[in-house]
Each structure stands twice: as structure tokens, then as C-alpha cells.
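Start from the sequences, fold in the hints, and give me the full structure.
Listed below are the residues making up each chain.
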Amino acid sequence: EFRRFSLERSKPGKFEEFYGLLQHVHKIPNVDVLVGYTDIHGDLLPINNDDNYHKAVSTANPLLRIFIQRKEDADYSAFGTDTMTRKKNVLSNVLRPDNHKKKPHIVISMPQDFRPVSSIIDVDILPETHRRVRLYKYGTDKPLGFYIRDGSSVRVTPHGLEKVPGIFISRLVPGGLAQSTGLLAVNDEVLEVNGIEVSGKSLDQVTDMMIANSRNLIITVRPANQRNNVVRNSRTSGSSGQSTESSLPSSTPNILANFLQGEEESDEEDIIIEDSGEPQQIPKAAPTSESLESLTQIELLHESTQNGFLPSNEMNLNHSAGSISMEYEGQDPDHKSLEEDGTIITL
Amino acid sequence: MRRFLRPGHDPVRERLKRDLFQFNKTVEHGFPHQPSALGYSPFLRLMAIGTRSGAIKLYGAPGVEFMGLHEENNTVMQIHFIPDQCQLVTLLDDNSLHLWSLKQHSGASELREEHRFTLKGPPGSPPSATQVTAVLPHSSREVLYLGTESGNIFVVELPSFRVLEDRTITSEAVLQRVPEDYCNRRSCELVEALREHPKNPDQILIGYSRGLIVLWDLQNNKATHHFLGSQQLENLYWQRDGSKFISCHYDGSYTQWPVSSDNRHPEPLENFVPYGPFPCKAISKIYWQTTKNGLPYIIFQGGMPRASYGDRHSISVVHGSQQTAFDFTSRVIDFFIIFSSEPTAEFDDPSAMVVLAEEELVVIDLKTAGWPAVHPPYLASLHCSAITCSHHVSNIPLKLWERIISAGSKQNIHYSSMPWPIDGGTNIAPDPPQRDLLLTGHEDGTVRFWDASGVCLHLLYKLSTVRVFLTDADPNDNMNPLGEDEWPPLRKVGTFDPYSDDPRLGIQKIYLCKYSGYLAVAGTAGQVLVMELNDEDAEHVVDHAEADLLQDQEGYRWKGHEKLKTRDGPVRFEAGFQPFVLVQCQPPAVVTSLALHSEWKLVAFGTSHGFGLFDHQQKRLVFVKCTLHPSDQLALEGPLSRVKSLKKSLRQSFRRIRRSRVSSRKRRGGSGNASEVQEANAKFDQDTLQEMELAPVQRKIEARSAEDSFTGFVRTLYFADTFLRDSSRHCPSLWAGTNGGTVYAFCLRVPPAERRMDEPVRAEQAKEIQLMHRAPVVGILVLDGRSNPLPEPLEVAHDLSKSPDMQGSHQLLVVSEEQFKVFTLPKVSSKLKLKLTALEGCRVRKVMVANFSSCKTDDYSENDLAVLTNLGDIQIISLPFLKLQIRYPCIRKEDVSGIASCVFTKYGQGFYLISPSEFERFSLSTKWLVEPRCVVDMPEVTSNNHVHNKSGMENAVRKS
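These protein sequence lines map, in sequence, to chains F and Z.
Quick note on numbering: the first sequence equals residues 1 to 347 in the UniProt record's numbering.
Quick note on numbering: the second sequence equals residues 1 to 960 in the UniProt record's numbering.
It is worth saying that the hints were derived from the structure and are not from the lab.
Ideal Cβ positions, reconstructed from N, Cα and C, are used throughout, including at glycine.
There may be inaccurate statements among the hints.
Here are the computed distance ranges between Cβ atoms for each label pair [said to hold, decoys possible]:
no., chain 1, residue 1, chain 2, residue 2, range
1, F, Pro62, Z, Arg557, 54 to 64 Å
2, F, Gly182, Z, Val697, 51 to 61 Å
3, F, Ser202, Z, Tyr860, 30 to 40 Å
4, Z, Glu759, F, Pro62, 45 to 55 Å
5, F, Ile40, Z, Lys827, 30 to 40 Å
6, F, Leu63, Z, Thr566, 49 to 59 Å
7, Z, Ser829, F, Thr59, 29 to 39 Å
8, F, Ser202, Z, Gly808, 41 to 51 Å
Rough simulated footprint, nothing fancy, chain Z against chain F, three-plus residues with beta-carbon under 8 Å [unchecked claim]:
no., stretch
9, 42-51
10, 142-151
Next up, the structure:
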């Protein structure tokens with residue numbers, strides 16, 4: 001069933017009122033529902049408190065598409081950014097009734113309901129003093145937002161303690177991705193970039209490596225503040241990335257595997273425009289199961305899918321020259337005029 | 001994580017790699033940076049140049065060169081060849097002496113350092129006691145006399161450098177018999193000059209800085225004569241027969257002294273201030289050369305009137321009534337005269353003067369009337385105007401080669417026809433395998449054509465683009481002999497002229513088609529010239545077109561320099577490359593890429609705003625494409641406009657100073673000369689450097705975005721006949737790559753030859769590829785069905801290449817600064833990639849396809865990519881599989897200008913600038929190796945009687 005109604009953008013009111021309005025509009029006064037909306041990246045995100053309700057209204061452009069599901073048959077995993085590849089795990093089923101029963105005053109969203117901006121990975125294989133942080137640049141307009149510098153650190157070597165040159169985080173840009181994660185701090189020593197050790201490399205080299213990997217940056221650091229380290233044996237969670245003890249072992253490797261695959265894919269996705277036609281991702285020459293997968297993703301492109309990697313594609317489409325889908329042309333008149341100029345070719 | 005796994009080493013491939021690749025730095029071309037000392041051996045006929053960085057370079061006949069480097073990296077102050085030996089001694093500014101020798105090793109001579117030595121005084125003595133100021137290698141070849149700051153002369157044995165203390169000539173012993181009143185006034189003098197008597201090796205002449213000159217008898221260990229000079233001494237010179245000597249002085253005078261056995265305190269014969277009567281600069285070195293006709297040659301450095309000409313770097317030659325003051329473009333380091341060194345010859349009969357100036361080597365023919373300059377076969381001043389770009393063309397067809405040489409010979413008529421006088425040693429290197437041209441573009445709008453086939457980088461021809469444009473430079477600024485009545489009789493010599501009248505004239509890109517003789521050059525103000533080789537002078541109109549790369553985009557204002565004004569009407573061009581088409585980009589930004597297709601008669605050019613295609617046959621603009629991102633204000637306004645204008649204004653003010661010097665010859669109070677300008681420049685550089693260092697060294701980590709500045713900057717253009725639209729028909733195409741990781745492909749329709757003038761060339765955009773990593777595209781290449789790079793235009797037509805395979809499917813290789821990617825054609829799908837930056841943190845700076853042949857078998861060769869990274873490493877990457885073959889460190893990563901200047905050749909060699917004036921040549925190939933290989937034999941000593949030997953005298957003794 002579809003309903004169309006208008007709201008005053010400047011005064012959206014409270015979530016409770018909106019919830020009531022929805023129930024009223026759909027004539028389902030006593031049915032518990034889950035409310036979600038599609039954001040500009042095409043992700044289905046939940047509306048369950050005042051904050052995300054306001055956010056949703058403010059991003060309406062001008063339409064806001066809202067999805068309502070009955071709570072009983074709601075699929076929680078439909079929300080979020082990586083829902084396409086994520087398996088419905090038992091975990092959410094276990095947690096859901098729990099959540100449902102308690103009926104907390106403020107509904108707390110599931111981790112999957114959010115777009116990841118960062119994660120701590122490989123906790124099981126790294127020394128406790130190190131932290132491997134992954135920054136998800138795609139889909140956000142936030143800058144990575146940090147600076148690195150040269151410095152020196154003390155290492156234990158066969159000859160005793162030795163001062164060796166190292167690379168350190170020197171500054172976090174306020175409001176940047178790096179700062180907002182809380183996982184990186186000034187004076188953290190950078191040990192690896194996407195699995196490659198930085199020792200022996202110059203500041204400029206490390207900068208270039210980070211920028212080359214900026215779409216999927218994995219930095220291994222030795223945090224300057226060692227007090228928040230994960231202490232594995234005691235299994236206390238000390239880091240913001242891990243909400244519950246039980247979710248950690250099962251979900252982390254799973255997500256990591258997915259993203260690694262995703263990284264390879266997204267990295268390939270150069271774009272080709274043939275004869276001023278539609279921009280398309282460049283497929284791999286020899287079709288493999290992987291590339292077929294990416295092809296299906298392309299087909300889903302203009303639908304409102306929940307695939308985690310599409311947002312980045314759309315972003316890129318937006319900026320690549322040539323004709324592009326209608327939604328975006330209106331946004332950038334200058335851009336459009338340039339494209340049109342570009343097609344004036346002597347025939 | 002499969003990509004981290006390296007495939008196992010294939011032993012067959014490893015062996016093949018050893019037969020194909022080998023890294024060598026082979027030879028340094030050009031003029032040594034910051035030369036500091038000069039030496040010459042008339043016996044070996046070799047010249048030696050020392051530099052401030054401690055290098056020593058020996059040159060003889062063309063192709064004969066040696067290089068040595070002092071470990072200390074200190075300035076070489078003096079160089080002295082040991083008489084009649086393949087040995088020389090250098091004095092560095094740390095007061096150390098080094099003995100070098102040329103020794104034969106497996107058929108070729110090598111320069112090796114044998115010994116080093118630092119003179120040590122008794123404990124407690126001041127350092128000045130042993131500070132060496134003058135060196136005299138004695139003709140006995142057994143000892144070296146070392147004059148010091150303290151006035152003592154130490155004697156050391158060769159080659160051991162053992163000090164013979166009992167033979168030390170102390171200043172006390174010298175002063176013993178000097179008149180009381182004279183020596184009271186002048187005590188504690190440093191030894192300025194030491195000269196051996198030309199006929200009697202037992203007598204040496206000692207000159208002290210305050211004017212006292214003593215003839216010392218080595219046998220009896222006493223002074224035989226005292227010459228009481230009243231002026232501060234600069235240098236001494238014996239006349240050939242030993243009856244007289246000449247001294248030159250700080251006040252610009254020189255004095256002749258008689259040497260006879262009856263007078264122990266002779267008075268000067270003649271005291272003369274050549275450029276008096278007003279105060280003059282010092283004469284720092286002098287020669288007195290006898291001739292058969294009786295009139296001597298008096299040749300001296302300096303001596304100009306202090307007030308009006310004190311800033312000139314001059315050497316005067318006086319022969320009877322003829323007198324010329326050669327006016328050099330930079331400070332004179334030292335000079336020597338080549339004259340008859342036969343011990344039996346009665347007269348000197350000088351034939352040539354060799355002058356080492358700070359920026360160039362000038363040789364003057366003294367035998368030909370008018371004393372013309374001799375064209376040096378090596379030591380060319382590459383930087384006579386700053387090098388702005390270079391382009392290498394391998395394997396030039398003989399016909400084109402001869403035409404270029406003939407055009408160049410017409411330019412060189414004012415040079416002497418004298419054979420090169422420094423002709424020692426024998427070049428035993430095999431003849432160069434092919435004729436190679438290196439083209440350098442310069443800031444003053446010239447292109448120089450160098451013969452880069454062999455060890456001697458030799459100027460063949462110089463092309464100037466200035467004539468096409470209206471500039472405020474007066475064309476006859478240089479090389480203009482002054483009027484007869486001018487005094488001093490100055491004559492400008494040399495070609496070094498670093499001051500560009502108009503920086504917009506600077507050449508930025510060069511493309512030469514060796515088959516057709518078409519040449520395209522593009523410059524700083526968006527000018528693109530297409531030229532044709534013409535063997536005759538011609539006067540014609542240059543067709544002129546404008547390419548508006550912004551295409552009516554409103555609201556943008558170019559704040560950079562204006563476009564160059566063109567000369568209306570026909571222009572006279574000398575024989576050689578003559579422009580017939582000029583395209584000016586609008587806005588007039590620097591041309592950043594250029595491609596010429598001589599078969600299709602098309603030229604493509606790109607700037608930071610876009611690119612265009614011009615049909616130079618029909619003289620019609622085919623299309624332009626704007627590549628700008630609308631938000632890129634910086635590129636629109638001309639990013640460097642402010643920096644440039646500062647540079648320009650500085651340059652203009654220097655220019656003004658220089659011009660005023662030329663115009664007002666009688667002006668009093670000299671100001672700003674070249675060295676001052678350089679000092680000011682150096683200081684300016686240093687200041688900016690310091691400013692930069694004050695900023696905290698940190699780097700921002702940010703993903704590239706489409707909005708970044710200069711994404712539209714066109715980095716590379718490429719013509720290819722390939723399958724762009726469908727796999728059944730191939731067509732001409734133009735490819736362009738930008739700084740923002742975009743590749744554009746245009747399908748071209750070129751009318752067949754018979755209708756070439758009737759139908760227009762058409763172009764249509766066929767593809768646009770956006771690389772997701774958005775790194776600048778630095779190279780585009782199409783590989784044919786056999787995975788070979790497509791041949792150059794006209795290469796097949798001239799039977800110099802197999803036709804490309806048009807049966808199999810073509811592939812597109814896109815090289816960005818960060819990755820190498822192979823795509824299929826015509827349907828673009830990604831096939832292969834090699835990530836460089838993500839894994840190694842280095843970026844591609846230069847890339848070129850090179851052909852490597854095996855040194856073992858004649859029939860094997862393969863194409864690979866030669867890549868220079870921003871770290872100065874060279875990597876060889878295989879085609880088409882993009883496997884890293886080998887990596888060599890080549891250039892220091894701090895040497896940004898060296899990396900920027902690097903050019904690769906088609907056969908695995910390369911050049912990069914190691915200083916503004918020197919190219920280092922390197923080779924990656926086992927097969928193509930151009931390096932000096934030469935022998936210096938000991939000439940037979942004609943007489944064992946050293947009395948007649950003069951070599952010792954010849955060696956330069958100079959103070960810095």
C-alpha cells in the first residue's frame with residue numbers, strides 16, 4: 001500500500017507524533033511497526049527515535065520514501081548498508097525478542113542498522129599493543145581527515161633498545177572520519193598500511209600509500225594511549241567497535257571477509273562511457289563468478305538497493321562526465337552545462 | 001590475499017633477464033657544474049677540470065674522457081700534471097693533496113687515485129704554516145715544491161709524499177740577503193707563485209704575495225737573485241729562453257724583469273698598466289709567448305679599469321698592434337695557452353687559448369686572423385639558456401641526419417676551422433650503433449639538437465622559435481663586435497645567456513618525426529608550432545590559428561600571462577626547421593602534452609584546460625575538448641600566475657641591469673654582474689627553502705576527489721590506429737589522459753590521401769574511462785594482436801617496422817601514477833593490473849616502452865616498460881603481463897629536477913640532468929651501452945734532458 005502525505009520540513013515534530021501519524025494514515029492504530037527510510041545513498045535506514053527521524057526529514061529531497069513493516073514479520077537485517085551480502089545470522093533472531101520484550105524507552109538500533117565508518121579488525125592475530133583500524137571512506141562525504149608526521153620510536157632489538165624512525169599521526173581534522181571513529185589519536189604510531197609495513201619508508205611514501213588505499217584504508221597503529229587495549233584473555237570489551245561479547249567472535253571475521261571481497265571489487269570499478277552513452281562499470285575481461293556478481297550489482301544500480309558498495313559507485317557516476325541518470329542532473333547545473341559542451345564534437 | 005604471493009622464480013626467465021637488463025651510469029655529458037680548477041698537460045695533450053664537489057674530469061681527443069671523484073667532496077683548488085708522466089696532483093680546499101694516475105687495465109686506461117697527503121707542521125704551529133698556496137711539480141718528476149701561507153716552501157718526494165725536511169726553503173733563509181728596509185716592510189708573506197727555470201731545473205723562481213721575487217738555487221740552497229717588486233704580486237711567467245720573466249700585480253700592472261748573472265738586485269725593465277691610467281683590477285695570470293716574427297703575444301687575465309669595467313670577466317690578448325679583450329659570460333676560472341712544447345723549438349708560437357669560465361669552455365684560435373672561437377666537440381654548455389624539456393629520438397635516418405648537420409653548419413660559420421687542439425689519448429670505443437638525437441627545449445624559446453650517438457654530446461643545430469613572435473628583445477644583443485675605436489677593445493665570446501627575455505617563449509614539449517622531418521614544439525604561453533625541414537633560407541607567412549579550450553564557459557578569468565603576440569606578414573627563416581603553422585591555446589596556459597602524427601598530418605596538444613586536435617595539412621582546427629572540472633578555479637585563473645610574475649619581474653630587473661651595462665659602456669660604478677645575480681638567486685632560493693623548512697613536516701591524508709585542482713590537466717596524448725568501436729574495423733584514434741584519472745578516446749576520420757585536402761578530418765568521442773583511483777594518467781599505449789606496441793607513424797611505411805597485427809584483438813595499456821592497467825579493445829574490460837603506489841608507496845614519474853635485445857643471442861628482443869618513480873628508482877615491467885622484472889636505484893629521490901628531466905630512449909638508455917648543465921647518461925640494456933673507452937699512451941720522451949722541459953711551467957698555479 002502506498003500513501004503520500006506532506007510534512008512541514010522546518011517543524012517535523014517528535015518521533016512519537018510521527019509514528020502516530022503513520023499509524024493514522026495507514027489506519028493501523030494498534031499494530032507495532034518498524035519504520036525505515038531510504039537515504040540519499042539508497043540505503044534503508046531505520047526511524048525509531050527523534051534524532052534519526054529529524055535526520056530523515058532533513059535529507060528529504062524533496063520526497064522522503066518511508067517503508068513500514070509489521071514488527072512481527074520485520075526483517076531486521078534489511079536495514080543497514082551491507083545487508084545485501086550479510087547473512088541473516090542467528091544472532092539477530094536471538095536478540096530481537098529480547099529487545100522487543102523489554103520495550104526500552106529509547107529503541108536502540110542494531111549495529112547493522114548503521115553504515116560502518118570504521119572497525120577494529122584482526123584482533124585475534126595482532127599483539128595486544130597494536131590496533132588494526134579500517135576506515136570506510138565510501139559513501140560518506142566526510143574527509144578522512146588526518147595528518148601524519150615523521151618521528152622516532154623505541155624498539156626492542158637484539159642489541160637492546162634502539163631508537164628508530166617511525167611515522168605518527170600528527171593531527172586529526174575535527175569532524176573528519178578519523179576523528180569521528182575515536183580509534184585513532186594523535187601520536188599513534190603507524191606500523192602498517194593495508195598489510196604493508198611502513199618501516200624503512202619515507203613520510204611521502206607512506207602518504208602516497210595511504211592515499212592510494214584511501215577508498216579502503218586499513219591502518220595498523222600502536223596507540224599512544226595503551227590503556228584502552230583489548231585484553232583478550234579476560235574478554236572484556238574495551239573498544240567502541242564491539243558492542244557485546246557474544247557478537248564479537250562470530251560477526252567480525254564474517255564482516256571482514258565480506259569487505260575484503262568488496263574492496264577488490266570496488267577497486268576494479270573504473271567507469272567507461274561509450275559513445276556518450278550510459279556510464280558503466282568496466283567489467284573484468286574473463287568473467288568469473290565474482291564479476292558476475294558485480295554485474296548483477298550494476299543492474300540493481302538504479303533501483304533502491306541496499307548493497308553496501310553501490311553508494312560509492314553512484315558518487316562516482318555523479319562526477320564522471322557524460323550523461324547520467326536524471327536524479328543527479330538537476331543538482332549541479334554547472335556540471336550539466338559542461339557535459340553538454342563536451343558533446344559538441346565535429347561530426 | 002593471493003596478490004601478496006609471488007610466483008616462484010622461473011630459472012629460464014631469470015637467466016634471460018640477466019642477458020637483457022643491466023644498469024650502468026655510463027657517461028656525464030655537458031659542462032661540469034661549478035668548475036673550480038683547470039690543468040693541462042702539453043705532454044699528454046689532456047686537459048683536467050676540477051669541480052667544487054671534488055670531481056676531476058680529464059678530456060683529450062673527442063671521446064677520450066676520464067672521471068674521478070675525491071672522497072672528500074671538497075673543492076678542487078689546483079690541478080698539476082706531473083711532467084712527462086700519466087700522473088697529476090690535485091690540491092683540495094681542505095689542504096689535502098691527491099696523486100692520480102692513468103693506468104691501463106684490460107686494454108683501456110682508467111683514472112685512479114694513488115695516494116693522498118696532507119702537509120703537517122710541527123706541533124703547535126698555526127694551520128697557516130702548512131696551508132698550501134702554490135704547487136710546483138719539478139721536472140725531475142721526483143719532488144713537489146709546496147709553497148705555503150707561512151712563506152716556507154716544503155719539498156715532498158713523489159709518489160710517496162714523504163716530506164724532505166732538510167730541503168725545506170724557509171722564508172728566513174730567503175730573506176737573509178734582502179735589503180733591510182725592504183724586508184722590514186714586507187715580512188710574513190705567503191708564497192704566491194713557484195716557477196721552475198725553463199732551461200735550468202736547479203733554479204726556481206719564488207714569488208711572495210707582497211711583491212718580493214727570488215730566484216733560488218736548489219743546488220746551493222741559496223737565493224741568487226732578489227727582485228724587489230713594489231706591488232702585490234699575483235703571478236709569474238718565465239720567458240722561453242729564461243733570460244726574462246714577467247710578473248703581474250694586483251693593481252693591474254705587469255712588470256718585466258731581466259735575469260743576468262751580473263746583477264743580483266735587478267731593476268724592472270718595464271712596468272706597464274695596460275688599461276690605465278685610472279685604477280685597474282688585478283691581473284691574475286699572464287703569459288708572454290714568443291713568436292718567429294718577433295712580436296710576442298702577451299695574454300693576461302683581468303686588468304680592466306676598476307670603475308667602468310670592473311665587472312667584466314676578461315682575458316686580453318696583445319700581439320703587436322692587435323689587442324682584444326675577450327669578454328666572457330661568466331667568471332674566468334682559469335686558462336692556458338697551447339703552444340709549441342717541443343723542447344727544441346726556439347719559439348712558443350701559441351696556437352690556441354683555452355679558457356675555463358664558470359659556465360662554459362671557450363677556445364680561441366690564435367693562429368687565424370681575427371682570433372675566432374673554436375667549436376668544442378664536448379663540454380657543451382647545455383644550460384646556456386635553462387633547459388625546460390628534452391626529447392630523444394633514436395636511430396635517425398641518414399638523410400635527415402645530414403640535413404640537420406648541413407643546417408647547423410650554416411649557423412657555425414663564425415667558428416674557426418682549426419682542428420680541436422686538445423687531442424691527447426685514443427678513443428677505442430666501438431662506433432656508436434646508431435645515430436641518436438637529443439633535443440633540448442630552452443627557456444629562451446630555442447631547441448637545440450644534440451648528437452647523442454656517442455660519448456661526446458655535440459651541438460648539431462640550434463632552432464629558435466622567437467622570430468615568429470613579437471618580443472621586446474633586440475635581436476642583435478650578442479656577438480656584436482664593438483667599433484674600432486672602443487677602448488678597452490672588448491669582444492663578447494661564449495654562448496651562455498641564462499636570462500630569458502620573455503619566459504613565455506620557453507619550450508615545454510617537443511615531438512620530432514624522424515621519417516618526415518616534421519617537428520612540433522609547444523611552449524609556456526600555449527603556443528604550438530609545426531615545422532618542416534627546409535634546406536634553404538625562406539621567407540613566408542606562418543599560418544595562425546587559435547584554439548579556445550574553454551569553449552565559451554562564462555565567468556572565468558585567466559589571470560596568468562598573456563598570449564604571445566605574433567609577427568604579421570612574412571618572416572625570414574634560416575635554413576633548417578621552419579614553422580608553417582602556429583596554434584595558440586586560449587587561455588594561454590603551458591602546453592602540458594603534445595603528439596604529432598606525420599602520416600595523418602595531425603597535431604594534438606593539451607593544457608590544464610583541455611586538449612585540441614589541429615589538421616596541419618588543411619590548417620584547420622578539428623576539435624577542442626575542455627577537460628576542466630567547473631569547480632577548478634585555480635586552473636582557470638592560472639595557478640602560478642603570482643609566483644610566475646615574481647619570477648618574471650626579478651628576471652626583468654636583472655635583464656634591465658644587464659642591458660644598461662651593455663648600452664652605457666662608459667657608465668661609472670659597476671653594479672650587478674652575473675655572479676652577483678647568481679648569488680642573489682642562490683640567496684633567494686635559500687630563503688624560500690628555509691621558509692619551507694620552518695613549516696612542520698606533516699602530510700595530509702585525503703582521498704582524491706573529482707573536485708581536486710588540476711584534474712583536467714592533460715598529461716598525455718597518443719595517436720593509435722586501433723579498434724575503438726567494433727572489432728571488425730580499425731580506425732585512427734586520439735587518446736588523452738588527464739591528471740584526474742580520466743582517459744578520453746576520439747575516433748578520427750582522416751580522408752584518404754587523394755582527397756586529403758578536400759574533405760575535413762572528423763572526430764567523434766568514442767570512449768571515456770574514469771579510473772576509480774583518480775591518479776594522473778601518465779601514459780597510454782595500444783598493444784597490437786601480438787601484444788607489441790603499435791609502431792610510430794610512418795615507421796612501417798619506411799620498412800623499419802613490421803606492420804602491426806590487426807588480426808588479433810588489441811589491448812589498451814593505461815599507466816597512471818599509481819597503477820598499470822590493461823584493458824581489452826574495442827569493448828573495454830579490465831584484464832590486468834599492477835598496483836605500484838598501494839604496495840610500494842612510489843609513484844610513476846616517467847614511462848616509456850623500450851626494446852631490449854639479448855647480449856647472448858642476436859635474434860631475441862622484447863618490449864618492456866621502463867619506468868622512473870618519484871623515489872628515483874628505475875623499474876622494468878614486462879609487456880603485456882605487467883610483471884616487475886628488475887629495479888635499480890638511479891636518482892636520489894631528493895633530486896626532483898633530476899627526476900623531472902629524465903628521458904628514456906627506445907633502446908633502454910636514458911638521460912637525466914645531474915646539474916643545470918650536465919646530463920648523466922645511463923643504460924638499462926646489456927646491448928646498447930655508450931660509454932667512454934680510451935687509452936692514453938705515454939708519448940715517447942724526446943729528450944731525457946729535462947733542462948728543456950717546460951711542462952712543469954705550464955701547470956696552472958692560481959689562487960682562488
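Here is what the structure says about each hint:
1. Distance hint for proline 62(F) and arginine 557(Z): a CB-CB separation of about 36 Å, inconsistent with the stated range 54 to 64 Å.
2. Judged by the Cβ atoms, the range 51 to 61 Å given for glycine 182(F) and valine 697(Z) is violated: they are separated by roughly 26 Å.
3. Look at serine 202(F) against tyrosine 860(Z): about 38 Å separates their beta carbons, and that is inside 30 to 40 Å.
4. In this structure the supplied range 45 to 55 Å holds for glutamate 759(Z) paired with proline 62(F), their Cβ-Cβ distance being about 52 Å.
5. The given range of 30 to 40 Å is respected by isoleucine 40(F) and lysine 827(Z), whose C-beta atoms sit roughly 32 Å from each other.
6. A hinted range of 49 to 59 Å for the beta carbons of leucine 63(F) and threonine 566(Z) is consistent with their spacing of about 57 Å.
7. Taking the beta carbon of each, serine 829(Z) and threonine 59(F) are about 36 Å apart, inside 29 to 39 Å as hinted.
8. Serine 202(F) and glycine 808(Z) have their C-beta atoms about 43 Å apart, which keeps the hinted 41 to 51 Å range intact.
9. For the stretch 42-51 of chain F, the assignment as covered by chain Z is violated, since 0 residues bring a beta-carbon within under 8 Å of that chain's beta-carbons and 3 are needed.
10. Judged by the Cβ-Cβ criterion of 8 Å, the stretch 142-151 of chain F is covered by chain Z as claimed, because 8 of its residues qualify and three suffice.
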